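A.B. asks: Okay, here's what each chain looks like letter by letter:
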Amino acid sequence: MKKMLIVETRLYLRDWPSLLFTVGLPVGLLLVLGLSIPVMTEAGTSGERMVDAQLPSMMTLLALLTLACNIVPAVLTTYRERGVLRRMSTTPVHPGRLLGVQLLINLVVGVVSAAILIGSAAVVFGAPLPRQPVAFAFVFLLGSAALLAIGLVIAALAPNGKTAPGIGAVVMFPLMFLGGMWVPREIMPDALRAVSDFSVAGPFAQALKDAWAGQSPELGHLAVVAAGLVIFGGLAVRLFRWE
Amino acid sequence: MKIIEVRNLRKQYPNHVAVEDVSFEVAEGEIFGILGPNGAGKTTTVECVAGLRTPDGGTVQVAGLDPHRDRAELRQVLGMQLQSAELPEKIKVSEALDLYASFYPDPADWPDLIERVGLGSKRDTMFKKLSGGQRQRLSVALALVGRPRVAVLDELTTGLDPQARRDTWELVEQVRDSGVTIVLVTHFMEEAERLCDRLALIDAGRVAATDTPSGLIAQVGDEQRVKFRPSAPVDDAVLLALPEVRGVTRSGDQIVVTGSGNLAPTVTLALARQQIVPGDLRIEQATLDDAFLALTGRKLS
Chain R
1 MKKMLIVETR
11 LYLRDWPSLL
21 FTVGLPVGLL
31 LVLGLSIPVM
41 TEAGTSGERM
51 VDAQLPSMMT
61 LLALLTLACN
71 IVPAVLTTYR
81 ERGVLRRMST
91 TPVHPGRLLG
101 VQLLINLVVG
111 VVSAAILIGS
121 AAVVFGAPLP
131 RQPVAFAFVF
141 LLGSAALLAI
151 GLVIAALAPN
161 GKTAPGIGAV
171 VMFPLMFLGG
181 MWVPREIMPD
191 ALRAVSDFSV
201 AGPFAQALKD
211 AWAGQSPELG
221 HLAVVAAGLV
231 IFGGLAVRLF
241 RWE
Chain E
244 MKIIEVRNLR
254 KQYPNHVAVE
264 DVSFEVAEGE
274 IFGILGPNGA
284 GKTTTVECVA
294 GLRTPDGGTV
304 QVAGLDPHRD
314 RAELRQVLGM
324 QLQSAELPEK
334 IKVSEALDLY
344 ASFYPDPADW
354 PDLIERVGLG
364 SKRDTMFKKL
374 SGGQRQRLSV
384 ALALVGRPRV
394 AVLDELTTGL
404 DPQARRDTWE
414 LVEQVRDSGV
424 TIVLVTHFME
434 EAERLCDRLA
444 LIDAGRVAAT
454 DTPSGLIAQV
464 GDEQRVKFRP
474 SAPVDDAVLL
484 ALPEVRGVTR
494 SGDQIVVTGS
504 GNLAPTVTLA
514 LARQQIVPGD
524 LRIEQATLDD
534 AFLALTGRKL
544 S
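Here the protein sequences come in this chain order: R and E. In case it helps, our numbering puts the first sequence at residues 1 to 243. In case it helps, our numbering puts the second sequence at residues 244 to 544.
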């Protein structure tokens, strides 16, 4: 297990362009948007600035969605297509181990991305650290797990490594939209927000933002995210093909 | 002593029957070949032996284990090189072996294994930079890293150039000499003839025959052909008088003599007595291809 973790991490790091994209893009966007668009750093009606919680939590969502919808399906479908999983099934170690290791690595990359985002928001814009750190960590892990489960379903359904990123994008962009990336949930029309409430990404982003801003996440939001984890996790287990 | 026993194996896929009825036994320490055309059911057969697929009928035993029921134990005694299974592009040779060695409780000394398969100078090379032959040798090394008693090698040399193929054959013989029983799946007649102690000819999901390569060839008779261009005219009667000769045909100035036994030496000796030199002398014997054709009514390739 330890050796597999080491080797897979090395392989992951060797593919640095996609790592740069996953970690670098959200951080870059945070800085570019925060520094260039005045409204981001102006206090709103409640006294909160966009760069305090809204923008960094959206960028956290972007990082996690990229990992879940893009990286995970690409790696796993390629492993399946190239027969890596099949070869492993001839050894005493079940290829499920490789899957677990990949999810763990992506989760760690997600945590690192979030840490860099929190750090840059604090250093560059003087944004507060998440005011409810325990709730924030809990929401982050629960949401990451749910999104990774969606990624596993994509990996299960994608016929090969070439189509996986396409399917991933088809899933990722609506989730970003429903998560409030372009239209913040606060100003969504009611009907759209109702859809957003059940989109996993929507309640996840909201709970993340709440915990960041110091409010307790709503139980309903957490329940939807947890249900997403159970449903997509279950689907992934049922649908995943090793060859 | 037999280490693999397959009885009336049957495996059906949703749309077709891949293996109809296959039985064979493999003795410990031999190279056992499974030879047949593409789509004959060879790979499905060995996948059932390796516990990768569940048979629909029949029994399989490997070193006393049921591949399906005793999956975990089987993987300790059987190593498999899969047809066209690759590795991640950027994994290095040494990393792949180190990783796969960690899967087994008592693995082989992998740095030594790298040398044995001739990849010593490629330890730090990434998988994507390896040639086809090097990839196959790495594949063999991965199948052996758990120190198995049986190694299944599926279409090991398909797609390799002739030199790489010969190098791989030598490697397979070395592996056998180290005491590992080998099941070799192939559709190359030449490979089966060169490497296998015994082999099963498989066609359309059934075993057409099981024997040594020479035994299989003998089943189709030992007809030989001797072709030559005589330095001076020869009377057919001179050749037909020889007991080994069955027939004489001519095409242009070439004479084709068919027969059996010590045909070639007898014919050349008879020609020498007439002071005739056989030019462009060629001797053709029956091959596994001919045996396959005779046994199944189909060409192997």
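Rather than coming from a laboratory, the hints here were simulated on the basis of the structure. Being a predicted model, the structure only gives us computed values, none of them experimental. There's no promise every hint is true.
Said to hold, decoys possible - When the alpha-carbon atoms are kept at most 16 Å apart in a straight line, the in silico EDC-like pairs for lysine to aspartate or glutamate are as follows:
no., chain 1, residue 1, chain 2, residue 2
1, E, K333, R, D15
2, E, K333, R, E8
3, R, K2, E, D341
4, E, K371, R, D15
5, R, K3, E, D341
A.B. asks: Please go over all the hints and tell whether each is borne out by the structure.
C.D. replies: We went through each hint and held it up to the structure:
no.: 1; hint: E/K333 - R/D15; in the structure: holds (8 Å)
no.: 2; hint: E/K333 - R/E8; in the structure: holds (10 Å)
no.: 3; hint: R/K2 - E/D341; in the structure: holds (12 Å)
no.: 4; hint: E/K371 - R/D15; in the structure: holds (14 Å)
no.: 5; hint: R/K3 - E/D341; in the structure: holds (8 Å)
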